[in-house]
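Colleague: Protein chains in written order, with my numbering: chain A, 1 to 249; chain B, 1 to 317.
Fair warning: there could be bad hints in the mix.
[To be verified] One-sided and incomplete, this derived list gives chain B residues near chain A with beta-carbon spacing under 7 Å:
| # | residue |
| --- | --- |
| 1 | Thr5 |
| 2 | Leu66 |
| 3 | Gly67 |
| 4 | Ser68 |
| 5 | Ala71 |
| 6 | His73 |
| 7 | Arg76 |
| 8 | Phe77 |
| 9 | Leu80 |
| 10 | Met89 |
| 11 | Ser90 |
| 12 | Met150 |
| 13 | Pro151 |
| 14 | His198 |
| 15 | Pro314 |
| 16 | Leu317 |
[Claimed, not checked] One side of the interface only, derived from the structure: several residues of chain A facing chain B at Cβ under 7 Å:
| # | residue |
| --- | --- |
| 17 | Pro113 |
| 18 | Val131 |
| 19 | Gly134 |
| 20 | His140 |
It is worth saying that the hints were derived from the structure and are not from the lab. Cβ atoms here follow ideal geometry from the backbone N, Cα and C, with glycine treated the same way.
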Amino acid sequence: MSKKLKTTQQSRRGFLKGVGAAAAAVGASATPVQAVAAITEPKKRYGMLIDTRRCVGCHACSVSCRSENNVPEGKHRSWVEYTEKGTFPNATLHFLPRLCNQCSDPQCVSVCPTNATHIRDDGIITVDADVCIGCKYCIHACPYDARFLNPETGAVDKCDFCLDRLEQGKEPACVATCFNRARIFGDLNDPDSTISRMVASNAVSVLRPGMGTLPNVFYIGLDYADEHDIRFPRQYIRVTTHRDENIRR
Amino acid sequence: MHELTWGMPVIAYLFMAGLGAGALTTSASVLLRGGQSGKYFSIARYGAFIAPIPVALGSALLVFELGSFQAGHWFRFLNLYTVINLSPMSIGTWLLTIFLGISVLYAFTFLSKDACPGDKQDGLRRLAAWVGIPLGIGVAIYTGVLLGAMPARPFWNSPVLAMLFFLSALSTGVASIILVRALLHRKHASAQAEAHYHESGYILSATDTLLIGLELLAIFLFLMYAHLTIGSVREAATVILAGGELSVLFWFWVVVLGLLVPGIIELAILVPSIVYHRAYRSHRVIEILVPVVVLVGGFMLRYVVVIAGQITHPIGL
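Required output: the full structure, derived from the provided sequences and hints.
Modeller: Shown next, in the form of structure tokens:
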């Protein structure tokens, strides 16, 4: 079976090489090597795995995100929610780092009337600030409250896995700064990447899977409680988001 | 609770676009239904003049609300016209633009002081009416689809919402025609003209009453749809049910004042004509007050829906 698979792959590669060479011959700008690389290299799907058991709520990620991306005051690309649950002695305090989930089926993209928000080939969703008109439709469409209007640019802004750092071959700022290695970043399409191995070998979950957005940010040790659950308490819950002063308590 | 990202301009726009779309749809239907005889031509004329104004004003308000406009990129909203995609907002933009053009053209055909059925502009007018009806319906419905398309906003995420907005748009459109007609009415010299005025008043009131009834039905379905399910949609609907933050705004301003009061008054005036076939007679005060409360109710419906959608969230993580 595996041998058969290998031969198919090889023959496909050969075929693609042929196509690549033909494409290169037609398009004078691309050299044959580049063309082949562009076609045969498998598509990336960047994702993040957050191990909430390792998070201590130090906000290093929030702070590094602000300084890296020049996030305007009062707005957040990345933030940490503190959830206090239960009463002594049966109580817990846990932390939930939040960011854009870079969904595979993102509704923000499908409602954007100008295509300013789009999904890149590597799965990252970005907003083109020069195209975005700031209609705020995507802010409503996002089930994760991950988007905000940047008052300086007039465009909607959100986490993009530190795109400019990725292009320099670095990890996103929140990952690089997480001293307890609670965040793991990588290519989910590469079965040998750390994140793929961790996602495969742990019980992971995503936020609001019922929304059908297929998030690419995974969590280990996700709890059900969030800020909106306070209205229907099943037990004592207090959520501090460090995000919105108007949050309902 | 997240801040309200869509505020008063959007609420006013949804109301005004609905009103204009309803006015044009009503006007064009009445014109085409009247056939060559040109019966109810005056109703069509009022509707034609009303239609473009609120739609143009509302659309302008929307532009002021855009983040790009507020940040000083005044013409960036033109990016909307570089794309056609399946976003309800993109569809709506194009519908609205074509609607504005057609409604101005349609109003233009009525502009001449002695415009009458069968005059020089008749062909153009009827063509604009044929195109205007689907456009008006499209604009009225898209405002509901715009809000209803998002599972992340459970209050809006109801298939009934677009229908409710559509009915409300038609109802406020008819009400605006009744209102303007009553305000501009001078007592006719001939008894025949006066009788014709009341006859067309009957058509408008009867239509409005029917639409109000359908609106009540749509609200009933909206509440049932929300209340008989479990989860996010049900929890979101509690804001307009008893004890919810918006329950007074909704039940008093929308349901009682905006629908039940005008519906009952109009019905009381209509019953003698419907049941006993008496000549329809309305009072000017009623012809002014009823559409005013209908318009207030239509505005409050948009207000309650837009606010409710933003202060409610999906439950659970």
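Colleague: Does each hint hold? Answer for all of them.
Modeller: Comparing the hints with the structure gives:
Satisfaction of the interface hint for B/Thr5 is found here, the shortest Cβ-Cβ separation to chain A being roughly 5 Å, below the 7 Å cut-off. The interface hint given for B/Leu66 holds, since its Cβ lies 5 Å from the closest Cβ of chain A, which is under the 7 Å cut-off. Using the Cβ-Cβ criterion of 7 Å, the hint placing B/Gly67 at the interface with chain A is satisfied: the shortest such distance is roughly 2 Å. Evaluation of the B/Ser68 hint against chain A yields a held restraint, the C-beta minimum of about 4 Å falling below 7 Å.
Taken as an interface hint, B/Ala71 checks out: its beta carbon lies about 3 Å from the nearest beta carbon of chain A, inside 7 Å. Interface hint at B/His73: satisfied, since its Cβ lies 5 Å from the closest Cβ of chain A, which is below the 7 Å cut-off. About 5 Å separates the beta-carbon of B/Arg76 from the nearest beta-carbon of chain A, less than 7 Å, and the hint is met. For B/Phe77, the shortest C-beta to C-beta distance to chain A is roughly 5 Å, which falls under 7 Å, so the interface hint holds.
Because the smallest distance between the Cβ of B/Leu80 and any Cβ of chain A comes to about 6 Å, under 7 Å, the interface hint for this residue holds. Interface restraint check: B/Met89 against chain A, minimum CB-CB distance 4 Å, threshold 7 Å, status holds. The criterion of a C-beta within 7 Å of any C-beta in chain A is met by B/Ser90, whose closest approach is roughly 4 Å, and the hint holds. With its C-beta approaching chain A no nearer than about 5 Å, B/Met150 sits inside the 7 Å limit, and its interface hint holds.
A distance limit of 7 Å between C-beta atoms decides the matter here; for B/Pro151 the minimum to chain A is near 5 Å, and the interface restraint holds. Of the supplied interface hints, the one on B/His198 is violated, with its beta-carbon coming no nearer than about 46 Å to a beta-carbon of chain A, more than 7 Å. A least Cβ separation of about 6 Å between B/Pro314 and chain A falls short of the 7 Å threshold, and the interface hint therefore holds. Here the hint on B/Leu317 is kept, as its CB sits about 5 Å from the closest CB of chain A, short of 7 Å.
Contact between A/Pro113 and chain B, as hinted, is supported at the beta carbon level, the nearest pair being about 4 Å apart and thus within 7 Å. Restraint check, A/Val131 versus chain B: the minimum CB separation of about 6 Å is within 7 Å; hint holds. With a least beta-carbon distance of about 2 Å to chain B, the hint placing A/Gly134 at the interface is held under the 7 Å criterion. Interface restraint check for A/His140: the shortest CB-CB distance to chain B comes to about 6 Å, inside 7 Å, so the restraint holds.
Hint violations for this structure: number 14 only, all remaining hints satisfied.
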